[in-house]
Every structure is written in structure tokens, then in C-alpha cells.
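> Listed here are the chains, written in short residue letters.
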Amino acid sequence: MKQFMVFVRKEFYHVFRDRRTLLILFGLPVMQILLFGYALTTEIKNAQIIVVDHAGDAASQQLTTMIAASKYFDISASDKSDEDIYKAFKKGKVKCAVVFPAGFGNDLLNGQVAHIQIIADASDPNTAKTLTNYLTAIMGEYQQQINPTANIPMRIEPVTRMLYNPELNGSMNFVPGVMALVLMIICTTLTSVSIVREKEMGTMEILLVSPFKPTYVVLAKAVPYLALSLIDLIIILLLAVVALDMPIRGSIVLLFLESTLFIICCLSLGLLISSVTRSQQTAMMVSMMGMMLPTILFTGFIFPLENMPLPLQFISNLLPSRWFYVIVKAVMLKGLGIGVIWKETLVLAGMTVLLLTISIKSFKTRLS
Amino acid sequence: MDTVILQHVSKSYEKDVPPALQDVSFSVKKGELFGLIGPDGAGKSTIFRILTTLLLSDKGTATVAGYDVVKNYHEIRSCVGYMPGKFSLYQDLTIEENLHFFATLFGTTVEANYALIKDIYEQIAPFKNRRAGKLSGGMKQKLALCCALVHRPEVLFLDEPTTGVDAVSRKEFWEMLQRLKQEGITIVVSTPYMDEASLCERIALIQTGQILSIDTPANIIKAYPGKLYALTAQKVYLLLKDTRQYAGIAQCYAAGDSLHLSFKDEAKDHPASLLSWLESKGHKGVSIEEITPDIEDCFIAKTSIHE
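If you read the sequences in order, they're chains R and L. Numbering follows the numbering used here, with no gaps: position 283 of the first sequence is 281. Numbering follows the numbering used here, with no gaps: position 238 of the second sequence is 1210.
No wet-lab data here; the hints were simulated from the structure. Where hints are given, some of them may not hold.
Stated by the list, open to error - Cross-link-like lysine to any residue pairs, in silico, SDA-like; alpha carbons within 25 Å at most:
(1) L:1043 / R:363
(2) L:1100 / R:363
(3) R:0 / L:1193
(4) L:1153 / L:1193
(5) R:211 / L:1063
Bear in mind the structure is a predicted one, so any value in this text is a computation, not a measurement.
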């Protein structure tokens, strides 16, 4: 036991004396959370738009003001000719243009159908669709304002309610995903590199020629990184709550327990990587590059898994992060308990046991 | 029973490459200072790794302190000290932290066996808060030796401890080994430096995975076949080229600032006839005298017979 403790302390020395490790450990999660929370979002804010007002009446001006007031649009120019609009689109500066025809207000007030032309840059179909939806919504709102008592017969009015995330805050989706991503990358990279470093530096030779059991070497390596990853988890959660206004609706204890399980799972994966690689560089490449891309693609927080072809869905099931993502979303955002996520928890636990057994078994008691 | 016994040990790493060890057998008595002498790539490190249970041999058996290296590897790991050829301590830990770590790992404390490492540790103690990576070569070796000794091992395996260490530190290091021997520790040490061989009680000359001979340094020198001569002249390089042309020469090689040579047939070829032949070639100030061979000469003689 004393041997174990002294080994763990040695590992902490290694971490705190190496700037590169510290940077990965504490710089990476902060950077990722802030990047995904603020910079990389699918929401559209301040899209450049051109408004061409051939009508110039009260109605068109009121609508223009409403568009300008919305946070989605920035009116970059108005009163342009049709040719100018096309030029602006070609330059790629504007995403959208709104054209009021002459007599727009008249048509509207006289009970006729009033037309507005919306031109959108559909080279990015999602953005184009989103922007036209926003514009349509603004127009609908205006219509309600000027004619609140209008009674159109046989009208369906959908009453939508955005559950868990009424403001459609994009970081709600990203934070659980980034948590899974960051913990996965950090745990696998650091553990695999730390064991391979012992091989590369030759210290593994001395460790093996000692009464300290090789199995304990593996476990003593995992313990410090488990502790450090839990600190990372706290940092991520604090950042998410304080900086990104994320709620934690479920039990925080359950969230911690599930995260600990996920961390142990990733540590085991790191240990496994370390026993099959020989140099720190390879270990780094395998765990960072090899894990980063699949985690981003197949966890489900960027590309919905349901839309993927079956073989890819199958691959995604092999990733621990995919299950953890579901768990975090359920606990953090929906406030659900273990009763709902027991299946995912079981899958994670199974993966952990499997990976840990393989990595302890494949740890060599001699040099290869 | 001898402390270290190797019997007919062979080991090859890859199929198409010559084996690292071929039928190696030797034994080391209790409390002996035993040297493995041979150039780089001779197989010294492989022997150490088999004895320290890090590698499995393909053929043959080996025991250390009475334990079989395959079956009882766990017992061996607690009673030997091993210092690998490459400096293998934690570079980002200080001298004190390294020593404390290895002491605890072996289930002991620095204080318990301090008497054994005191002489060595006191030399590096002034720098005990310095990280191991920032030490000089000599100090690194002393620290590594302390770490290998801190649990008072029965057998100490030192793989090229003096490679890359300055001459003064090398001398000090061998003095330390003599003192450890008096403590009753069996020491197996390897070195590529032939001049260190005479500091061992018994040595094994090893070349391309095979043992050339095992004996005390004095006996190995005594067994040198024939006579050895040292030849000097003004221009040594030309002298070497010309002497090798001489028909009766068995071996001729540079050693320091003179040439060492031996004749194929002492009765037919005399130093005198070589001398006059060389003078006819235009060499000036040529002189020749018979000398006592050292281990290096013996090694070269053995290697040529072997080939």
C-alpha cells in the first residue's frame, strides 16, 4: 500500500512538473468549452441583409424596422438596384435580400395579397432556410400587430413549446458533447502517454525488476489521472453553468458518479493504447487524432446519429462517449434519474470492465 | 552453489539476423566481481536482461541466487539490483525523490540501508534537490548506483555503468565497486573498456554472442599465444600500412602511439629481420621491443582465432 501511494505521488510530480501535460489537462477543456460555447455554434446571429424598398410607405418602413431590430439580422444596405443585389450576393457578403414591391402598403391595407420578395444565398442550404424562416416569422408577427382581431376561418394555429431549452440555446446541445469529447481525449491521451514514457525513458525496465507487481503499475498510473480528470469535470461544469448558463436539473451526485464511470472507461482505453504502442508520439497520435475525429463524428452532438447509415450507427455504438452523451443530456438538461439511463450506464460499465481487463492482461511482465 | 548460473543460453531477436547469444554458459561465485568484456553489440545487455528476468531465452536455463529466471522471476526481482545501460531514472524528479521512490518501491527505506550507500550518496548529497535530468554523467551514474543498491540486493547487475563517464568518475566508480564487494554483494558488470577488465576478479570475453574465454585477467594474459611486440617509428600511419605488407606478420594494429604486432612463426621471422625490412622501405627511428600483452591484446588475438 505504501508502495502504491509513493507511486501515485510520483505520478503527480510528473504531471505538475511538465508544462505540456498541464496545458493539455487544464488548457484543453477550458478552450474547448469556450470554443464550442461561443465561437462554434449553429445559431445565426447578425446575418448581413439587403432591404430594397420600392414602396417607401409606412407598412414597408415598419417591417424594415422590425427586421433591423431582430438580433438575427444586420441591414447592410438599402435602396439598391436589382443588379446591385446580385453583385452583393456574388461577393458573398450578404446572405439574404428583402424586396418590397411598389404599392406594398396599399395592397396590404386594401385587403389584397401583398407580396414581399425574399432572396437567399442557398449555397449553404441550412442557413438560407433558417434565415427565410426568421423573416417569415417576423412578417407573421407584423401581420398580427396590425390586425390582431383578424378572424380567418378554419385556421390552425400551432402552439409550440421548446422543451428543456426554450431559448433554443445552442450550447445546451454542445456542452454535454464537449464534456464527453474533452474527458475522452484527456483521459486516453494522458494515461497512454504516461505509460509509454516509462518505456521510452527506460524506467519501465527498473520498475519491472522490482517487487512492485506490474498490475499495480497500471492501477497506480490510473489513480492520479482519475483524480485530475474529476477536477477537469468540475472546471467544465463550472464553466458551463457560469459562463454558458447551462442548467444542471438532475442530481449532481448522479452526474458525478456517471462521469467517474466514463472517466474510468476512458482511462482503461488509454492503458490499452499504451500497451500496444512503443513511443510517446505514436501513443499521442493514436489517442488524440485517432479518438478525436470518431468522437466528434459519432457522439451525436454535431451530426445526429439517427440520420446515419446503419454501419456508421453501429460504429457509434462502440464509442463510450456516445453513451455518456445521452446520460449527461438526460441528467443535466432533462433532470432524469437512473431509472431512465440504466441501460446506457450498464453499457458503459460493461465497456469499462472489458477494457480494464484487457489492458491489465496485456500489460507485459517482461520486455516484449 | 554459485550465485549466478547460465547454462547453454541462446537468444535470437529476429529470424534472419544472427542470434544475439549462442550457447552461453558461465557462473559467478558468491561475492565475486565478475566482468563481461566485449564491444558494443556483443550480447552483454541481452545477458543482463535474461538474468534480470526481463527477457526469456530461447534455449538454456539460468538461475540467480538459486531462483530460476523463468519460474521464480518474482523472487529474483526482489533480491537483485539492476542498473540498465541507458540512464533510467526519473529525470524530472530530484536526487532525493528518486532515491526515496526506489527505496519505497522495494519495501524498504533510505535510512535502513544508508550505511551501504553512504559513501556514494555523500558525493551527490549536496545536489539532492537538483533534478536528475540536470546532473552530469558521473553524478547520474552515482545516483543510479544508489538507487540500485538502496534495498541491499544480493546480486548487483551493472550494464556498462562507466560508458559516457569521464576518466576520474570511472576510476571512482570502480573503487566503489571494490568496496561493495567487501560488503559481500555479488557483482556482475559489463564494459566495453578493456582497461577496466583487470579490475574484475574474473572476466568473460564476449564477441558476437559467444563467450571467447572465461578466467581471471592474469590467467587470460598468461594464456596469450606467442610473443607480442611494440613497434614505434616517426610516421606511425605509414608504418602500419607497410608492416601489414610484411609476409610473416600474424597481426598488426595500432595501440596508443605505437603498433602492436605478433609473428606467424617466431622461429622464422625475427624482430630484427622486420626492422631491416622496414628500414629498407625508408622508415626512420624504428624500434621494436617485446611487451606483456594486456586484455585488449588477448581479446584481439582471441577474435582472430575465432574468425
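> Hints first: check each against the structure and report whether it holds.
So, going through the hints one by one against the coordinates:
| no. | hint | result |
| --- | --- | --- |
| 1 | L:1043 / R:363 | holds (13 Å) |
| 2 | L:1100 / R:363 | violated (32 Å) |
| 3 | R:0 / L:1193 | violated (51 Å) |
| 4 | L:1153 / L:1193 | holds (23 Å) |
| 5 | R:211 / L:1063 | holds (23 Å) |
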